[in-house]
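Asker: These are the residues of each chain, in order.
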Amino acid sequence: MSSSPILVVKNLTTTFITGRGRLPAVGGVSFELNADETLGIVGESGSGKTVLSRTIMGLQPRSNVELGGSVQLLGHEIVHASEDELRTIWGTEVSMVFQDPMTSLNPVMTIGKQISESLRVRLGMSKADAKVRAIDLLKLVGIPSAEERYDAYPTQLSGGMRQRVVIAIALSCSPQLLLADEPTTGLDVTIQAQILNLIEELKSKEKMAVILVTHDLGVVATRTDRIIVMYAGRIVEMGRTRDVFFNHRMPYTRALLESTPKVSNPSHTRLITIPGRPPDLYNLDGGCAFAPRCAYATDQCRQEAPSLQEANSDGHLFACWNPLPVGTSPLNQQNSNEPNGASNEQ
Amino acid sequence: MTSTIENNEVVVLKPEKKEPLGVFFWVCVGWLGVNLLAAIFANFLPIWGPQDSNNYVDLNTGPSFSHLLGTDDLGRDILSRIIYGARVSLGVSFGAMFLAFFIGGIFGMYAAYRRGKLDLILTSVSLVFLAFPSIIAVIAVLSFWTPRSILKITIVIAVTSIPLVYRVIRAATLSAATKDYVLAAKIQGATDRRIMTKELLPNILPTAVSFVMIGIASVIVVEGSLAFLGLSTNVTTPSWGNMINESRSVMQVNPWLVLFPSLAMCLLILSLNFIGDRIRSYYDVSEVKL
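Protein chains in written order, with the numbering used here: chain U, 1 to 346; chain W, 1 to 290.
You may find that some hints are simply not true.
[Claimed, not checked] So the derived label-pair ranges between C-beta atoms look like this:
#, chain 1, residue 1, chain 2, residue 2, range
1, U, A81, W, K152, 48 to 54 Å
2, U, T88, W, V29, 55 to 61 Å
3, W, P202, U, T88, 41 to 47 Å
4, W, K152, U, T18, 46 to 52 Å
[To be verified] These stretches of chain U come out as covered by chain W in the derived footprint (C-beta under 8 Å, 3 or more residues):
#, region
5, 6–17
6, 83–97
7, 104–112
[Unchecked claim] Mimicking DSS-like on lysine-lysine, the simulated pairs with C-alpha atoms at most 25 Å apart in a straight line are:
#, chain 1, residue 1, chain 2, residue 2
8, U, K131, W, K198
9, U, K127, W, K198
10, U, K113, W, K198
11, W, K179, U, K113
12, U, K10, U, K131
13, U, K139, U, K113
14, W, K152, W, K179
15, U, K203, U, K262
To be clear, the hints were calculated from the coordinates, so they are not data collected in a lab. All C-beta atoms, glycine included, are put in the ideal place defined by N, C-alpha and C.
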């Protein structure tokens, strides 16, 4: 069931003006997000995924930042919107869950007050109504004995509980789009799964769209409809989750997949890493940003940046001059477990 | 498997048992309270008047039953003069710190929250002022701004304290303002004013309160120094500083005259510093054991 897009990002650029020069953190990103969709944005540190999500929120500072292109959220233009305009959208139409639940709650305010504040300010609820709703929200995000927790301070809760509170605050004004910027990075692995399941569950309950920003492909594998892979501030591959995992064409996506540790590997298996370092965004030459680290790079890659091209009619796009053949994903090879691939190459 | 929420993560920590403030803290608070009450209700206390010098029998006596801390070379009661002197010390120091925090605190919070050009300008100005020894500025202004009154002294000391207060509040706000909860409040639609008063102010309050205490203590010293130099209130209004100054000449005859006002000043400053220090460590989140 597809509906009209609630978020349309067109040729978005975010450039920081720093003492060293211009830093193009996000360059020419375009995508759409439908109302009932979960979108994953993946990439390694410094790939621009956090800058992208903050630009979509309208959270970039006004000074020393140059924004270009357009972000349409439910008909509102975010780029160049004033803070007063944004304040009418924040909370009620778009909200955000931050990375570290230790710093995203105010340590000197009870969690109940932190939730009911926005209910009272934004929705004009009375103190008593806001409390009832806040307790409902605490129950919704799975906090037991919510009535007693209402008066707890953040330090009295564990990390997973705090992230649940953060999610409750984000959901308090029923946003249509929830942006989760690495929502599980600060949590340990068992709780990560619970928080991700919670977000997934709430997505269908509250009927909102979700953007999940992460560096962990395992996080997005089963929970997203589509994935955007970012490198050096640009989209290098985008498509339905299945296509990105099994039919990816961009060598960087392959490298990301291969560098994920797998439980099924025998112990002491050396983890495959991507050689080289993330590119210096101050000095991007004309070529593909990934070329210096890519095993398939040719002269064309080093001189000319590839643009996104269609891999299939289902919205699967990639940017590469020498795309990988279809169906050579390491995930496929694990399944078939045939040595043919290796012998053919000889 | 349905995606129910497992409750095995639910760990509710008991409120941390904080180290209590301690007996000495309450002794210090008590001493500050005694000073404040005595200064406020000096007129109603069963003591001699500070200028009652008609008794020329008891000059330079040591402590006795009729004059608990003795008398000075004009026969005036030392205890009474110390209590009335506390009015000047406490009045100037509380007044100056209140004024300095009202102005410096608001600018400090606003600059740290907004950053940008305003912050740059205010911070540069405050650094320039801090580079100049403030006691010299105070002396220079008070030498020419006559006749001197408690209000004028308070204003001059307050103005010279503003840059320091600004720096401290700005730094405290800065560390709170860069946390994600400020951003989280913002994207729930909180206005800047709301963020400053509801989110940031409670976080910087422990720092501010402890700095107020230490600030008051240092203003008492500054006022004492001014009075010692004869730049505070005129001689008819007793203050600890001018009591010490006046009794310098008879120190060899009657050392009590220097000792008691100095002791009063010393004990009050010690109390204030200790109170400020305890409050800071009591509310310091980084020291809370996890």
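Asker: At least three residues with a C-beta closer than 8 Å to a C-beta of chain W: is that true for the region 83–97 of chain U?
Answerer: Since 8 is at least three, the answer is holds.
Asker: So does K152/W sit 46 to 52 Å from T18/U, Cβ to Cβ?
Answerer: holds (48 Å)
Asker: Mind checking the hinted window 55 to 61 Å against the Cβ distance between T88/U and V29/W?
Answerer: For T88/U and V29/W the Cβ distance comes to about 48 Å; the hint is violated.
Asker: Hinted pair, alpha-carbon criterion (25 Å max): K113/U, K198/W. Please report holds or violated.
Answerer: Roughly 11 Å separates the two Cα atoms, so the pair holds.
Asker: Sort out whether K198/W lies within 25 Å of K131/U, counting only the CA atoms.
Answerer: holds (18 Å)
Asker: So does P202/W sit 41 to 47 Å from T88/U, Cβ to Cβ?
Answerer: For T88/U against P202/W, whose Cβ atoms are near 27 Å apart, the range 41 to 47 Å is violated.
Asker: Does the alpha-carbon distance linking K139/U and K113/U stay inside the 25 Å limit?
Answerer: Status holds; Cα separation ~15 Å.
Asker: Hint check: K10/U vs K131/U, CA-CA at most 25 Å. Holds or violated?
Answerer: Measuring from Cα to Cα gives roughly 40 Å; hence the hint is violated.
Asker: Between A81/U and K152/W, does the C-beta distance stay in 48 to 54 Å?
Answerer: The hint (48 to 54 Å, Cβ to Cβ) holds, given that A81/U and K152/W are roughly 50 Å apart.
Asker: Quick one: see if chain W covers the region 6–17 of chain U, three-plus residues with Cβ-Cβ under 8 Å.
Answerer: As far as the region 6–17 of chain U goes, the hint is violated, because 0 residues have Cβ atoms under 8 Å from chain W.
Asker: Do the alpha carbons of K152/W and K179/W lie within 25 Å of each other, as the hint requires?
Answerer: Distance of about 41 Å is beyond 25 Å: violated.
Asker: Run the distance test for K127/U versus K198/W: straight-line Cα separation, threshold 25 Å.
Answerer: Answer holds: K127/U to K198/W is near 16 Å, not above 25 Å.
Hint check: violations occur at hints 2, 3, 5, 12, 14 and 15; the rest are consistent with the structure.
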